[in-house]
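**Student:** Take a look at the letters that make up each chain.
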Amino acid sequence: MSSLYRIIKFSFQDIARNVWLTIVTITILLLALFSINMLATVRVISDNAVAAVKEKIDISLYLQPDTAEEEIIALKNQITSSDKVKNVVYVSRQDALSSFREKYKNNQAVLNALKELGRNPLSPSLTIIPNNFEESGLLIAELKALDNHIIESRDFSDNTAILEKINNVTKRINEIGLFIISIFILTSLLVVYNAIRVAIYTHRQEIEIMRLVGASNFFIYMPFIFSAFIYALVSVLLIIAVFYPFLTLLQPYLEVFFMGYNVNLLSYFVDNFALIFGAQFLVVLLINMVASLFAVKKYAKI
Amino acid sequence: MIKLSNISKSYDGRTNVLERISLHIKPGEFVSIVGQSGAGKTTLVRVLIGEERVDSGKVAVGDWDITKISRREVPFLRRQIGVIFQDFKLLPKKTLEENVAFALEVSGGRSEKIKKIVPSVLKIVGLEDKKKRYPHEVSGGEKQRAAIARALVHQPKILLADEPTGNLDAINANEIIDLLLRINRFGTTVILVTHNKEIVNHLNKRVITMDHGQVINDQEKGRYLL
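One line per chain: the protein sequences are C and Y, in this order. Numbered according to the numbering used here, the first sequence terminates at residue 519, and the numbering increases by one at each position without gaps. Numbered according to the numbering used here, the second sequence terminates at residue 235, and the numbering increases by one at each position without gaps.
To be clear, the hints were calculated from the coordinates, so they are not data collected in a lab. Computed from a predicted model, the values in this text were never measured in an experiment. Warning: the hint list may mix true and false statements.
[What the hints assert, rightly or not] Here's a subset of chain C near chain Y, in silico, CB distances under 10 Å, partners left out: (1) 227; (2) 426; (3) 433.
[Stated by the list, open to error] Okay, derived cross-link-like pairs now, DSSO-like style, lysine-lysine, Cα gap no bigger than 30 Å in a straight line: (4) Y:98 - C:515; (5) Y:98 - C:514; (6) C:514 - Y:102; (7) Y:103 - C:514.
[Claimed, not checked] If you want a taste of the chain Y side facing chain C, the calculated C-beta under 8 Å gives, among others: (8) 80; (9) 84; (10) 87; (11) 88; (12) 98; (13) 100; (14) 111; (15) 115; (16) 119; (17) 120; (18) 159; (19) 163.
Where is the CB? At the ideal position from N, CA and C, for every residue including glycine.
Turn these sequences into a full structure, and let the hints guide you.
**Tutor:** This is how it looks when you write it as structure tokens:
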């Protein structure tokens, strides 16, 4: 117990003696963590954007207004049997009218026009949900080729091009992000290695005396390893303290951008707090341990 | 206690800094090792504390063959051999008492043990009144006394003194030698490495003379020959 206390005491001594070096080391780790979290943020935003676009995908067949229910059901079953189709929703004329009224409930001019018309002008329709989003192009081609006299018109608002763009941008951001993270990880390794090396240098007299009086390797190494642990802990605590206010500032802009969709970064980071920051702590700890072990093995030899 | 059997050591593979040295130092002996600079005295000290490995031969300390000692075992060897140097090797930001306690702290000594041993070794070296002073506040002789106290905290069987009087005036040097003699009388084997002719001649103890890495003379109650 007293050995542990002494190891911690020596560790804090070396942090205090090299306070500027400690600040620089933690700042570099902080930048590395910030870039990782920014990449995670971009990932969450792009996932939400993709989901939003997918939600908007609309493959619909509008049918002749007077088509018999049996014929519609037969067509629905025919389309459902395709392996590219996940589900087919039948919207009757009455359902279409109800949702139209609901949609324009605040637009009196439209409602008056409908009233004046005196009949339901809307057609029944089949809304088709693709089995695999990436195959929606093939499904559209299949539906275009479908020959049935009850089909009045076809509406294929093809969003695959937009999705492809989003996916490409996300992929590019991920690639650049990974490159930046790799640089930061490499820099962190070198900075932590140097910090421990300098700490060993400032402690060289103690280390020499420790060796002379029979201190164990464990006792000589451990304060420096413990310092590396402190660097990891402080940098992760600081990134938590910095990143949450940053997300709070970012959230209103995202809400405007994704109006009508539920994109809440803050709650994402709160819900996945342990996973996100626990993993980051472990990664930074691993980097610091590797760097400090190399440094003490090289510079604090017994 | 210490047995060197035909040991040789070179740094470049050609010039031997230690050459076929064989010695036997018995428990409780007081031995002076003398020689000019470059004679191999310091290398011999470094071999004895496990800081250097010999190229050939065998070094035994007690029943311990330290030619085969692992890195893990080196700290345990060093707790059996107290070492003092010409430059004292005290930590300037610690008081004399803290410097002495440091040796026990870093070896994993218990706090109760430290509280018990530190005052007793400071009393042996006569520094109980100055234990709260920092190294820069005391004389060279007192610094060396503190270094001796630190070397004694592990109650070593051997005390190696590498030029302990090199930085001291004659009065302080004599006091340190008297202290080493007193420690020797308690039963500790003392090995004094020096080139101070007067001290060696005054001691009238065993003298081993080294030159160019070899033992050229080994006399009971010897004198400084070079």
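**Student:** Please go over all the hints and tell whether each is borne out by the structure.
**Tutor:** Structure-based check of each hint:
1. 227: 9 Å, holds
2. 426: 6 Å, holds
3. 433: 5 Å, holds
4. Y:98 - C:515: 23 Å, holds
5. Y:98 - C:514: 23 Å, holds
6. C:514 - Y:102: Within the cut-off at roughly 26 Å; holds.
7. Y:103 - C:514: 27 Å, holds
8. 80: 6 Å, holds
9. 84: 4 Å, holds
10. 87: 4 Å, holds
11. 88: Holds. Min distance 4 Å.
12. 98: 6 Å, holds
13. 100: Given a least distance of 6 Å, the restraint on residue 100 (chain Y) holds.
14. 111: With a closest approach of 7 Å, the residue 111 (chain Y) hint holds.
15. 115: Nearest chain C Cβ about 4 Å off; hint holds.
16. 119: At 6 Å from the nearest chain C Cβ, residue 119 (chain Y) passes the 8 Å test, so the hint holds.
17. 120: OK, holds: residue 120 (chain Y) within 8 Å of chain C, min 5 Å.
18. 159: 7 Å, holds
19. 163: 7 Å, holds
In summary, this structure violates none of the numbered hints.
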